[in-house]
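Now for the letters of each chain:
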Amino acid sequence: MKGWRPSPPLLLLLPAVIVLAAVVVLPLLLSLYSSFTPFRLTKPETLWVFIGARNYVNILTNRDFWIAFARTVVLLTVALNLEMLIGLGLALLVEKASRGQRVLRTIMMFPMMFSPILVGFQFKFMFNDNIGLVNNALQALGLTDRAIPWLIDGNLAFIAILTAEIWSSTSVFAILILAGLLAMPREPVEAARVDGCTPWQTFRYVTWPFIMPFAFIAMTIRSLDVARAYDIVKIMTDGGPAGRTELVWTLVARTAYSDARMGLANAMAYFSILLSILFTVYFYRKLAAARTQIAAEW
Amino acid sequence: MDQNSLHRVRNKALGIAHGVGLFLAMLVICLPGIWIVLSSLRPTVEIMAKPPVWIPQHLSLDAYVAMFSGVGKGGIPVLDYFRNSLIISVTSTVIAIAIGMAGGYAFARYRFRAKSAMFLGLMLTRTVPGIALSLPLFFVFARLGIIDTHFGLILVYVALNVPFTIWLIDGFFRQVPKDLAEAAQIDGCTRWQAFWQVEFPLAGPGIASAGIFAFLTSWNEFALASQLTRSINSKTLPVGLLDYTAEFTIDWRGMCALAVVMIIPALTLTFIVQKHLVGGLTSGAVKG
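So the sequences go chain by chain: A and B. The number in the numbering used here is simply the position in the first sequence, starting from 1, with 97 added. The number in the numbering used here is simply the position in the second sequence, starting from 1, with 745 added.
Since the hints were made in silico from the structure, they are not lab data. All of these numbers come straight from a predicted model, not from anything done at the bench. All C-beta atoms, glycine included, are put in the ideal place defined by N, C-alpha and C.
A few chain B residues facing chain A, derived, Cβ under 7 Å: (1) P777; (2) I844; (3) Y850; (4) V873; (5) N965; (6) P983; (7) Q1019.
Whenever a hint applies, use it, and build me the whole structure from the sequences.
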């Protein structure tokens, strides 16, 4: 091996690759293998029984799984879109502010510091049907005379979870889009105004294309971590009532740890991994496209 | 009314609407946090009161006193949790930053084959949901006997933080002009010296904020920690929060107090780095 020297970037990346291989890739290969066995934690010998794709067949024919899967996709789609819109609105509001922008920006980052589990817990507290802030306020304002069962009714619980999710993640969008707005050169906007564009046209054809890459960075960052909704749901409803807020992730946790059916849970987990990867790759490609577009125009 | 004053009135109205909108948005952002702090200071009777008591009548630090007074007296081993959280977060952050600096430097300064595929590959390891990763890790760690140890969680958090740290640090190194290091090398520095004397100090603030981001991730993580910890040996604060929930009841006041304890370090750190954090995330986008 004398005379062969590994290239510097390879050497520099080696520690990262080793750690990720040991802690993420290898365990995932193990879980891929065990998804083809009827593995139960209580019966270690079942790890060596090979049953082919039976777990996957079980899942694909399981109605509850598909409902949870669809609910997860709906939750993510609605949440990401709303976060994007609200984040954009918030960024525009703050950008227009003439004074105290620093303070406003700091306040805007506030929800980012909250651990997802804390978000779950604080919204569980606020949406509590008996002592929660939301119901208390609604009753005090006379909008309703009975307690609304926020976390007990399936649809309302979904709304409550959505609210928590949006509250915790909108700031990522708002902050990055604001960074885009602040980095934007003034001239194109002024030129558009001089040329007689309406404010809407100016926004749509001048501002928006410019801040789009920033929105996609936010989307990519968010999609890296979509599964943190697990923490929120776990605390707020734990998939209840009667499985009506069950997401893929809570279903995996329940199957693995409560029912101890590791093999089946691993098979389910692979679907959730696939979902995350799809989201990330999609936004990453959008981001790459937006980047090259910006680079070409500048 | 002539055109001019009509215009002025309209502008004024728009300004007021903008102010009101801004105020409402900030209120919604702040309210949950304020409510938690407030609830941690109120007696349980007041929290549970029907009809609700809006103006706090008795403020006290009882919840905090109870929390720190130890197990059995209505407290939880919060100091142990705090210590565990601190040890695990700090150690994993330091290691993740060291690894991330090497990786980020490689991405920012070298061209090599399959660069963008490599970058995407590293990012994808981050997308694996914690709960999905916890299943095989639980099994492997149980076999290795490192469940419920600091070492186990540190290992996991390093892996969790490395991809994002590389992304951030890559961005910060790109902001440092290449010419500076080259000039230093022409003046007789080795590449190693040029890195530590020139590039590292310039990228320093950015690296610090990447570190704080990694710290916050570890500090706040729950899905993995809840499965890989068992006792006060390694339980972290987010897991400890569940100590306040019993089968059907929740000690809201105690939980709020613990939440405040959890949020204060995170709050302080984020304020310190907020400016650099945004810069690091966006630099890659503008410069491509």
